[in-house]
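Colleague: Sequence:
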Amino acid sequence: MSIKVDLQVDAKGLSCPMPIVRTKKAMDQLQAGQVLELLATDPGSYADIQGWAKSTGHHYLGTQQEGDVLKHYLRKANDVEGKEIKFPHTISPEELNAKLEKNEGVILDVREPAEYAFGHIPGAISIPYGELEKRMGELNPDEDIYVVCRTGNRSDLASQLLSEKGFKTVKNVTSGMEDWKGPIEKD
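Numbered per the UniProt record's numbering, the sequence shown finishes at 187, counting up by one with no gaps.
FYI, nobody ran anything at the bench for these hints, they're computed from the structure.
Keep in mind that a hint or two might mislead.
With a straight-line cut-off of 35 Å between C-alpha atoms, the simulated DSBU-like cross-links for lysine-lysine are [unchecked claim]:
{"no.": "1", "residue 1": "Lys134", "residue 2": "Lys165"}
{"no.": "2", "residue 1": "Lys25", "residue 2": "Lys134"}
{"no.": "3", "residue 1": "Lys86", "residue 2": "Lys186"}
Bear in mind the structure is a predicted one, so any value in this text is a computation, not a measurement.
Generate coordinates for the entire structure from the input sequences, incorporating the hints supplied.
Modeller: Below, the structure is given as structure tokens:
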């Protein structure tokens, strides 16, 4: 299948959030309706790019895989479609640490398994963002859920998804594990 591409972005070898950062910058160069091809090797980029497109109004067209390279295709939205939505309910790493000390709520870590293994908040439930929709049944929609990733981007998308699916009290941990100063466990 031949796809007419207006701009190609190379994010091979990069992990979250860099494929999204590069995509976001590249979208600024395109006109509404034009198509961007993102080349990535991070398996997490598959779910990340779909979630980002949904939150911004840009149209995720699909992904093709050639060897280790994922080719993601997106169509730039017009001004009416393309308004990025950020999840409004957030908590800072410091506020989360205080909640942890009182044993309040559940921490959901949506990073990839390797990221989780090298350091996570004690007691955090690991469900990678790309698996969240099919594994939501592992979570109680009535509990306070604090969603964390590395930088706050995937957790923002995950928080939106949980909220849309009826989870009552969801908060995105701003700046994610990058700014976490509390206790850490390693597998």
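Colleague: Does each hint hold? Answer for all of them.
Modeller: Evaluated hints:
1. At roughly 12 Å between alpha-carbon atoms, Lys134 and Lys165 fall within 35 Å of each other, so this suggested pair holds.
2. With a C-alpha separation of about 31 Å, the suggested pair Lys25 and Lys134 falls inside the 35 Å cut-off, and the hint holds.
3. Restraint check for Lys86 and Lys186: the C-alpha separation of about 30 Å stays at or below 35 Å, so the hint holds.
Violated hints are absent here; each numbered hint is respected by the structure.
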